[in-house]
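Just so you know, the protein sequences line up as chains P and Y, in that order. Using this note's numbering, the first residue of the first sequence is number 1, and each one after it goes up by one. Using this note's numbering, the first residue of the second sequence is number 1, and each one after it goes up by one.
Calculated directly from the structure, the hints in this document are not laboratory data. Heads up, none of these hints are tricks.
Which chain P residues stay away from chain Y? Per the calculated CB distances, all over 12 Å, these:
1. L25
2. I31
3. V33
4. S44
5. E47
6. D51
7. E62
8. F65
9. P66
10. E88
11. L91
If we take Cβ atoms under 7 Å as the criterion, some of the chain Y residues that face chain P in the derived model are:
12. F52
13. L56
14. T58
15. H67
16. M92
17. Q120
18. M123
19. F126
20. Q127
For clarity, every value in this text was computed on a predicted model and none was experimentally measured. C-beta atoms are modelled at their ideal positions from N, C-alpha and C, and glycine is treated no differently.
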Amino acid sequence: MKQVLVACGAGIATSTVVNNAIEELAKENGIKVDLKQIRIAEVSTYEDTADLLVTTAMTKKEYTFPVINARTFLTGIGVEDTKKQILEELLK
Amino acid sequence: MSEFRFNEEVILMNLEAADYTEVLQQMGENLVKHHYVKDSFIPAIIEREQEFATGLPTAGVSVAIPHTDAVHVNQKTISIATLKNPVDFVIMGEVSETTPVQIVFMLAMDEPHSQLELLQDLMKIFQEGTFLDQLLQTDSVLDMKKQVTEKLNLSDFKGGERL
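The following block holds chain P by itself, in its conformation from the complex (with noise of 0.2 Å):
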């Protein structure tokens, strides 16, 4: 099972709309992932153990993971390639 790190600035506000729209990606999909909602600041705590991190904060730090911008879950704007990325991510 993969494990997504969905982070913004508090971990209280934009995260629990990604967090929550990531879930019913993966349900729809038929996925099983292990989602873990941070905020950005913790990311480190998990840098052993994420295959993905997917944030609406901006992160200037390299990680050994992909990192996937998900503003568009907010705006809707280009959603359906955001959702792309993340199942092609999850699917690897």
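On the provided structure of chain P, position chain Y as indicated by the hints.
Then chain Y, alone, in the frame of chain P:
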């Protein structure tokens, strides 16, 4: 958990501000005045915006959704301001790219992880560009309150159960 309250007093129309800090300052002062948030909310929300920007280009006009930690909040609400002139906010997830924001939805929330439906409904508004345009053209606070209340199903809220 406090009740969610959405009244005319949290709606500011044609706010004049030179930059986003001024927008947050004025909206924050208004919430402090009406006891929705503590004094500490204002510096906290400005600092959060500097670190994690919340500008969002949408299908219609650009919006921003500034928010900060629950510890600064007394009473849950969403404060809305339409801006007389667009004010640049850095786009969420970007380092320096900005978007000219015309409507600000300031979220005062007191329970982490518990406002999913409300946030989802808010994002739905952003995805329907026409509703934002309609809000901008609204000329009374009462009318704006009515439109947002209907759109976010806020009339269902009693005792904050839905949150």
